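Trainee: Let the hints inform the model, and build the full structure from the sequences given.
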Amino acid sequence: MSEGSQIRQWIIARAATWRTVVQNTALLRSQRHATVQEALTAVESYRALARDLATARRVAPNSRTTAGLESLYGQLHGVINRRPRAGIAAFRSLLSVDVPRAAHELRARIMSMALLMGISALAGWWLIETFPTLIGLFASDDMIEHVEQGHLWTEGIINIMPSSILSVSILANNIVVSVLAFCAGIFLGLGTLYLIAMNGLMLGAAFAFVHQHGLARALFEFIIAHGPVELSVICIAGAAGVTLGESIIRPTLDSRRDSFQACAHRVAPALLLCAVLLVGCGFIEGFISPDPTFPLASRITIGFGYWLIMWALLTGRLFLDKSPA
Amino acid sequence: MDAILETPSRNARRNNAASPFTMTDDQLTVHSVTGVDLTLSIAGPGTRSYAFVIDWHIRLLIACAWLLAAYYLFNVPLQLKTAGALWSVLPASIIYFLYHPVLEIAMHGRTPGKRMAGVRILSRDGGPPSVTALLIRNIFRLIDSLPATYMIGLVTCFMTANRVRIGDMAAGTLLVLDNTAAEESLARIEALAAGSQLPLDALELVDQVLQRWESLETGSRAQIARALLGRLEASAEPQALAALTALSDSDLRAKLQAHLSSREPAASHV
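If you're matching them up, the sequences are chains A and B in order.
The opening position of the first sequence corresponds to residue 1 in the working numbering, with each subsequent residue numbered one higher.
The opening position of the second sequence corresponds to residue 326 in the working numbering, with each subsequent residue numbered one higher.
Don't read these hints as lab results, they were simulated from the structure.
Bear in mind the structure is a predicted one, so any value in this text is a computation, not a measurement.
Check each hint, because a few of them may be wrong.
Stated by the list, open to error - Partial selection, computed: residues in chain B whose CB lies under 10 Å from chain A:
(1) 363
(2) 414
(3) 422
(4) 504
(5) 509
(6) 511
(7) 514
(8) 524
(9) 533
(10) 534
(11) 575
(12) 576
Just so you know, even glycine gets a beta-carbon here, dropped at the ideal spot from N, CA and C.
Mentor: Structure, rendered in structure tokens:
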């Protein structure tokens, strides 16, 4: 029998198996779970396919049959190596293990970012107290005009825009700022430092400006309900960004790229929590902060209560496993 | 960027036998437990851009369709500062901005655009990417899209060893080519092999030419068919070979078709 005939006979003999593997692989890819029997069959098919692929590579290296087997082998490899879907357990693990671990790793840098923001805020305050005309660098003409007329720019904002829309636009903006503070860490952490410093500078400048016009208390009342968590979250995102930059400058693994990737995966849970917290901040800023009927005590309670929830989430205290060991 | 993100030990690491994968510029080789390595072709900037452009059109069209439906069917105003925006602008924005993360997670590393372009996202170990990896990959779009039209992402793709953007580096993912056409050929090969005596390479070549017959220009396909038949019938009489030039388009096709279902051994390999 010629070699060509042998190959044909081999294909005819194996084709039915390949057909079954194609069907089973498509089925397994579409299913969320597989039975033990299905998993064992998949592993057995994987071994058989590996043998067939090795044969095909030897006898028909550039054929479409070999390419087809390569593709099928890759798909089955993906099915066998896919991560199990843990559902609620994965979510619990995220909150009780991953987020606290990320926050623990970031704690020193969170303090550094808070310090940087605080110093920048003081610098912004000093700048506007010393050179009041420089407020034009930090605030829009509209905002300056409002304050000079004795009103905060936030007054009556719910008459212009519904609270729901206001909340959504605020939370979207805050999430973008936080994500940007994190991602800017790719520029060796410098992008993140710049963003945090600028945020602090603007905050200090705004407070100094409204203080000059006797509106500091009004601004404090406006921000106290959402500010503690919002500013903390920006510091956490900044800390994650700086850590990312440091992973490139001082890699802890074989290559900078591996170190960068591992770092991004380690700190990502903290960033995810930040995004969720900012959704809450957006609703507080849209519904509570601009509403003049809310007394200061309620605002302070909401602000610090929400901050305590954030702290409990970051430390994992809300989801401690209370079951006996 | 690649120079920044890679240490001098990169090549040493790539050749590390303990590593579960080996990468060259355009290929990822995953060392499988079976001893037979899995080889995957890494998609280049062209394929990536093609997939992105398709996806961009899809999400833009769906978002615009939603806006039009909200305006004309439900009379919702399209102004941003009104309560109606919750039912018009907001869903359209969600469709536009969450298209990639949601679909990539739901479709296990693919989107309609990637499917059409024949690519999919894989983790560097050859397995499907995790949800965290896909989220990280999408978060970094913010940087990759700077300053406009994904300039940073595109430049990074051209400069990095495995043609990845910053989001892929952070997530540990790659875009690989999906050879679904080759997989489909597995379904046909049994019938072809059973019905013909041609060697495998000739069989696949004739089958491909016949499959593409209608899409080829008449002159080109006749030329290809004559060359193919000339080699398949190399041992035939010289007059029979000369007669090939006189055959019409449909005759050439029929003759190739006959080779696919021929029980007679072919005279020569292609």
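Trainee: All hints, please: hold or fail.
Mentor: Hints, one by one, checked against the model:
Look at residue 363(B): its Cβ gets to within about 5 Å of chain A, closer than 10 Å, so that hint holds up. A distance limit of 10 Å between C-beta atoms decides the matter here; for residue 414(B) the minimum to chain A is near 9 Å, and the interface restraint holds. For residue 422(B), the suggested interface contact is upheld, since its CB lies about 9 Å from the closest CB of chain A, less than 10 Å. Interface restraint check: residue 504(B) against chain A, minimum CB-CB distance 4 Å, threshold 10 Å, status holds.
Contact between residue 509(B) and chain A, as hinted, is supported at the beta carbon level, the nearest pair being about 8 Å apart and thus within 10 Å. About 4 Å separates the beta-carbon of residue 511(B) from the nearest beta-carbon of chain A, less than 10 Å, and the hint is met. At a threshold of 10 Å, the smallest CB-CB gap from residue 514(B) to chain A is about 5 Å, leaving the interface hint in force. Of the supplied interface hints, the one on residue 524(B) holds, with its beta-carbon coming within about 4 Å of a beta-carbon of chain A, less than 10 Å.
Residue-level restraint check for residue 533(B) holds (minimum Cβ-Cβ distance to chain A is 7 Å; threshold 10 Å). Taken as an interface hint, residue 534(B) does not check out: its beta carbon lies about 13 Å from the nearest beta carbon of chain A, beyond 10 Å. For residue 575(B), the shortest C-beta to C-beta distance to chain A is roughly 26 Å, which exceeds 10 Å, and the interface hint is violated. Hint status for residue 576(B): violated, given a least beta-carbon distance of 26 Å to chain A, over 10 Å.
In terms of the numbered hints stated before, the structure departs from hints 10, 11 and 12, listed from lowest to highest.
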